[in-house]
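Trainee: Now for the letters of each chain:
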Amino acid sequence: MPFREVNSKMVEATVVPGQRMYSQRGAMLAYRGDVSFTPNIAGGQGGLMSMIGRRVADEATPLMTVEGSGTVMFGHGGHHIQVVGLEGDTLYVEADRLLAFDGTLEQGTMFMGSQGGVMGMVRGQVTGQGLFTTTLRGHGAVAVMAHGGVIELPITPGRPVHVDPQAYVAHHGDVRNKLSTALGWRDMVGRGSGEAFQLELSGSGAVYVQASEEKL
Amino acid sequence: MNTPVIHDPMSLPGDDNVDSYTFCVELKGSQWFLQKGKMIAYYGRIDFNGVGHGSLDRLMRTSFHSPLHASDWVVAEGSGKMLLADRAFDVNSFDLDDGNLTIRAGNLLAYQPSLALKQSIVPGFLTLIGTGKFVAASNGPVVFMEPPIRVDPQALVGWADCPSPCHHYDHGYMSGVMGGLRQLSGIGGASGEEHQFEFVGAGTVLLQSTEALMPEVATGAVPHADGVPGGGHGPGRPGTTPRLPGQLGDLQHRFGL
Amino acid sequence: MSGSDRERVHSGGACPHTHPAQYRHPVAMFRLQGSKVLAVDMTGDSVKAKNGSMVAYDGRMDFKKLTGGGEGLRGMVTRRLTGEQMALMEVKGQGTCYFADRASEINLVSLHGDKLYVESSNLLCTDGGLRTGTSFTGLRGGATGNGLFTTTVEGTGQAAIMSDGPAVVLRVTPPYPLSVDPGAYIAHQGDLRQQFQSGVTFRTLVGEGGGEAFQIRFEGDGLVYVQPSERNTVGGDV
Numbered sequence: 001m002p003f004r005e006v007n008s009k010m011v012e013a014t015v016v017p018g019q020r021m022y023s024q025r026g027a028m029l030a031y032r033g034d035v036s037f038t039p040n041i042a043g044g045q046g047g048l049m050s051m052i053g054r055r056v057a058d059e060a061t062p063l064m065t066v067e068g069s070g071t072v073m074f075g076h077g078g079h080h081i082q083v084v085g086l087e088g089d090t091l092y093v094e095a096d097r098l099l100a101f102d103g104t105l106e107q108g109t110m111f112m113g114s115q116g117g118v119m120g121m122v123r124g125q126v127t128g129q130g131l132f133t134t135t136l137r138g139h140g141a142v143a144v145m146a147h148g149g150v151i152e153l154p155i156t157p158g159r160p161v162h163v164d165p166q167a168y169v170a171h172h173g174d175v176r177n178k179l180s181t182a183l184g185w186r187d188m189v190g191r192g193s194g195e196a197f198q199l200e201l202s203g204s205g206a207v208y209v210q211a212s213e214e215k216l
Numbered sequence: 217m218n219t220p221v222i223h224d225p226m227s228l229p230g231d232d233n234v235d236s237y238t239f240c241v242e243l244k245g246s247q248w249f250l251q252k253g254k255m256i257a258y259y260g261r262i263d264f265n266g267v268g269h270g271s272l273d274r275l276m277r278t279s280f281h282s283p284l285h286a287s288d289w290v291v292a293e294g295s296g297k298m299l300l301a302d303r304a305f306d307v308n309s310f311d312l313d314d315g316n317l318t319i320r321a322g323n324l325l326a327y328q329p330s331l332a333l334k335q336s337i338v339p340g341f342l343t344l345i346g347t348g349k350f351v352a353a354s355n356g357p358v359v360f361m362e363p364p365i366r367v368d369p370q371a372l373v374g375w376a377d378c379p380s381p382c383h384h385y386d387h388g389y390m391s392g393v394m395g396g397l398r399q400l401s402g403i404g405g406a407s408g409e410e411h412q413f414e415f416v417g418a419g420t421v422l423l424q425s426t427e428a429l430m431p432e433v434a435t436g437a438v439p440h441a442d443g444v445p446g447g448g449h450g451p452g453r454p455g456t457t458p459r460l461p462g463q464l465g466d467l468q469h470r471f472g473l
Numbered sequence: 474m475s476g477s478d479r480e481r482v483h484s485g486g487a488c489p490h491t492h493p494a495q496y497r498h499p500v501a502m503f504r505l506q507g508s509k510v511l512a513v514d515m516t517g518d519s520v521k522a523k524n525g526s527m528v529a530y531d532g533r534m535d536f537k538k539l540t541g542g543g544e545g546l547r548g549m550v551t552r553r554l555t556g557e558q559m560a561l562m563e564v565k566g567q568g569t570c571y572f573a574d575r576a577s578e579i580n581l582v583s584l585h586g587d588k589l590y591v592e593s594s595n596l597l598c599t600d601g602g603l604r605t606g607t608s609f610t611g612l613r614g615g616a617t618g619n620g621l622f623t624t625t626v627e628g629t630g631q632a633a634i635m636s637d638g639p640a641v642v643l644r645v646t647p648p649y650p651l652s653v654d655p656g657a658y659i660a661h662q663g664d665l666r667q668q669f670q671s672g673v674t675f676r677t678l679v680g681e682g683g684g685e686a687f688q689i690r691f692e693g694d695g696l697v698y699v700q701p702s703e704r705n706t707v708g709g710d711v
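Protein sequences, first through last, are from chains L, F and H.
According to our numbering, the first sequence is numbered sequentially starting from 1.
According to our numbering, the second sequence is numbered sequentially starting from 217.
According to our numbering, the third sequence is numbered sequentially starting from 474.
Don't read these hints as lab results, they were simulated from the structure.
Using N, Cα and C, we set each Cβ at its ideal position, and we do this for glycine too.
You may find that some hints are simply not true.
[Stated by the list, open to error] Calculated Cβ distances over 12 Å to all of chain F for the following chain L residues:
| id | residue |
| --- | --- |
| 1 | Val16 |
| 2 | Ala27 |
| 3 | Gly75 |
| 4 | Thr90 |
| 5 | Thr104 |
| 6 | Leu105 |
| 7 | Thr135 |
| 8 | Glu152 |
| 9 | Arg159 |
| 10 | Gly205 |
[To be verified] Short, incomplete list of chain H residues facing chain L, as computed with Cβ under 8 Å:
| id | residue |
| --- | --- |
| 11 | Arg504 |
| 12 | Gly507 |
| 13 | Ser508 |
| 14 | Met527 |
| 15 | Ala529 |
| 16 | Ala576 |
| 17 | His585 |
| 18 | Lys588 |
| 19 | Tyr649 |
| 20 | Arg690 |
[What the hints assert, rightly or not] Straight line, CA to CA, 20 Å or less: simulated SDA-like cross-link-like pairs of lysine to any residue:
| id | chain 1 | residue 1 | chain 2 | residue 2 |
| --- | --- | --- | --- | --- |
| 21 | H | Lys588 | H | Gly695 |
| 22 | L | Lys178 | H | Asp535 |
| 23 | F | Lys252 | F | Leu284 |
| 24 | L | Lys178 | H | Pro648 |
| 25 | F | Lys349 | F | Asn316 |
| 26 | H | Lys588 | H | Val500 |
| 27 | F | Lys349 | F | Gly296 |
| 28 | H | Lys538 | L | Ser180 |
| 29 | H | Lys538 | L | Lys178 |
| 30 | H | Lys588 | F | Lys252 |
| 31 | L | Lys178 | L | Glu213 |
| 32 | F | Lys252 | F | Pro329 |
| 33 | H | Lys588 | H | Arg575 |
| 34 | H | Lys588 | H | Ser608 |
| 35 | F | Lys349 | F | Ser246 |
| 36 | H | Lys538 | L | Glu213 |
| 37 | H | Lys588 | F | Ile222 |
| 38 | F | Lys334 | F | Asp273 |
| 39 | F | Lys244 | H | Pro648 |
| 40 | F | Lys244 | F | Pro220 |
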């Protein structure tokens, strides 16, 4: 795993030649050695990568390619950082929550549909914006940002977990999601607001929830 | 169930952390310099006087040499224990033994008068010289690094012993597509990836997580509505944005730092 | 949501009742998951929580909006005065419900028949059996320009209060009164008198930030909860 947790708000990554890494712009706190940071422009890598690039560029948070040899400290906005290790499975995460991740991970985007785009579903339904969620698949590590600490809730068959979409950070595993609303919740928060729904995650895997209803 | 620790004047530590976010200073007829707004509670008899108060003239001559920050500091003197904190940032004390350390002005919370405070030649930083204890806040625990290292200016808390930093601009980034694009359009300022402070030589560099924080929400504010007394903004300073460590507040604007 | 469910919610919301004396169900279990998420295990019982503070749950939960500050005419008046800051919801169900609010630290308080005074925006969750009300705290209101009213929580059971950074609990005894910055104050319990303390004067070289600083002085016997942070205050300038 290339990320070492220095403290709850900072991770240290080791960069070795021939192995690139991606990070969010502005996430580098300090570095040692010969490391270069190159902005990722749509089309540069082609294929799926360009989709992420485009999507992220839309939100003015372009990814950077980190290459060279040395160590880099990452952190951003005083947010808490959760390092998620992937061993062959897929992590679903909002692109703007990605702090840094292994270049070896296969990146993709999940379109809003029957399975994907967790925030997309919510936003698409409620505000009509943002239609994809980033997926990362393979073996490697991902550093994800969250406002406040993160708790990991297991999802087991027959015991779905309901999550406030504002507090949702990421999930992995074989998980289905749909929007639901709890009895009485809509009356409380007001109809038509984005908070009127919860994400119902079922299957087997885990969901990461932050200790806040605030988006980054 | 975990029961909370209950503190009283006897159980509070003397000149040490209560927890990661709160520091307890013990005064036994002694004095401490204190940045305004950082004292959250105290036991005992403690007087607070603004820097510049006549009776403190002698103290000022030895320990305070920063006219730029004079209005941000008070002197606490008396007997008792007082708790210091800064917007739930991590708080730590550091001991200097005939040394010098330069720190971002807003990160410094308090120091003993046995130290002398001077303005660094790097704008926005203060240098402490001498022997004694000081208390500083940081976003996340302070991480100590040794040069050579390049640091995002925002992530820099301070440095000890090493020569002053110089600017480093990443050539690849500036000449890259993004740099050119931004130069043309003027959109998006420099981020840590294009511009760093570079430290070389022997010493220690202190780092924190960057500090763009959520805007502070006025907790406990009465919402504005008809017939609600005190609704809307309280008297004075409506919508004051919180000061981040490393910012100097009004002075910063005034002096264009 | 089916039509009949909707119906139930409406009728339930129209007349909120709490029956503190009746323990028909086991009491909800409060535990902290990390320091910023409160997990409450429920087996058919209910808790009162800050409106919208649920971040996740498993099992089945029903939510119901409560009006602040108790019932009847006084509740109505109170609600107008304290505004939406005080809006609470009742959560009832089987399973575990997770609460959090803006990454605030959460502190558990056990009440054994005594009364907790807490800034209404700092109250996250209480046992369904605890009574919540409002008391007037004009003095502090004067100092901070806000928080004219403080929420009271009374009875036997658990409450969860929030702070910006973990709260420090300070004991006040007759020989050891305590002075607190109004912006750092979040709650107190016990037999305490609070007094508005001014007279800390500043004279500065630049003349900026001068004037008086205000503190709240607590005397008596009890506990005061302070947070390692300060809301913007008008007076608390030390």
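Trainee: Does each hint fit the structure? Answer for all of them.
Mentor: Okay, the hints, checked on the actual structure:
1. Val16: The assertion about valine 16 of chain L holds, with a minimum of 18 Å to chain F.
2. Ala27: violated (8 Å)
3. Gly75: violated (4 Å)
4. Thr90: About 28 Å separates threonine 90 of chain L from the closest Cβ of chain F, which puts it past 12 Å; holds.
5. Thr104: It holds; threonine 104 of chain L is separated from chain F by about 22 Å at its closest Cβ, greater than 12 Å.
6. Leu105: holds (21 Å)
7. Thr135: holds (25 Å)
8. Glu152: Nearest chain F Cβ is 20 Å from glutamate 152 of chain L, so the label holds.
9. Arg159: Answer for arginine 159 of chain L: holds, closest chain F Cβ roughly 25 Å.
10. Gly205: Glycine 205 of chain L is indeed farther than 12 Å from all Cβ atoms of chain F, at 29 Å.
11. Arg504: Where the cut-off is 8 Å and the nearest Cβ of chain L is about 12 Å from arginine 504 of chain H, the hint is violated.
12. Gly507: Holds, about 5 Å.
13. Ser508: holds (7 Å)
14. Met527: holds (6 Å)
15. Ala529: Holds. Min distance 4 Å.
16. Ala576: It holds, given that the least Cβ distance between alanine 576 of chain H and chain L is near 3 Å, below 8 Å.
17. His585: violated (28 Å)
18. Lys588: violated (27 Å)
19. Tyr649: violated (34 Å)
20. Arg690: violated (33 Å)
21. H:Lys588 <-> H:Gly695: holds (11 Å)
22. L:Lys178 <-> H:Asp535: holds (19 Å)
23. F:Lys252 <-> F:Leu284: OK: lysine 252 of chain F and leucine 284 of chain F at ~14 Å, within 20 Å.
24. L:Lys178 <-> H:Pro648: violated (60 Å)
25. F:Lys349 <-> F:Asn316: Judged against 20 Å, a Cα distance of about 12 Å means the pair holds.
26. H:Lys588 <-> H:Val500: holds (19 Å)
27. F:Lys349 <-> F:Gly296: Cα-Cα ~18 Å, so holds.
28. H:Lys538 <-> L:Ser180: holds (18 Å)
29. H:Lys538 <-> L:Lys178: violated (25 Å)
30. H:Lys588 <-> F:Lys252: violated (33 Å)
31. L:Lys178 <-> L:Glu213: Roughly 19 Å separates the two Cα atoms, so the pair holds.
32. F:Lys252 <-> F:Pro329: It holds: about 16 Å lies between the C-alpha atoms, which stays within 20 Å.
33. H:Lys588 <-> H:Arg575: Given that 20 Å is the threshold and the Cα spacing comes to 26 Å, the pair is violated.
34. H:Lys588 <-> H:Ser608: Roughly 11 Å separates the two Cα atoms, so the pair holds.
35. F:Lys349 <-> F:Ser246: holds (13 Å)
36. H:Lys538 <-> L:Glu213: holds (18 Å)
37. H:Lys588 <-> F:Ile222: With a Cα-Cα distance of about 17 Å, the restraint between lysine 588 of chain H and isoleucine 222 of chain F holds, given a limit of 20 Å.
38. F:Lys334 <-> F:Asp273: holds (16 Å)
39. F:Lys244 <-> H:Pro648: With Cα atoms ~18 Å apart, lysine 244 of chain F and proline 648 of chain H stay inside 20 Å; holds.
40. F:Lys244 <-> F:Pro220: With Cα atoms ~28 Å apart, lysine 244 of chain F and proline 220 of chain F exceed 20 Å; violated.
Consistency with the previously given hints fails for numbers 2, 3, 11, 17, 18, 19, 20, 24, 29, 30, 33 and 40, ordered from lowest to highest.
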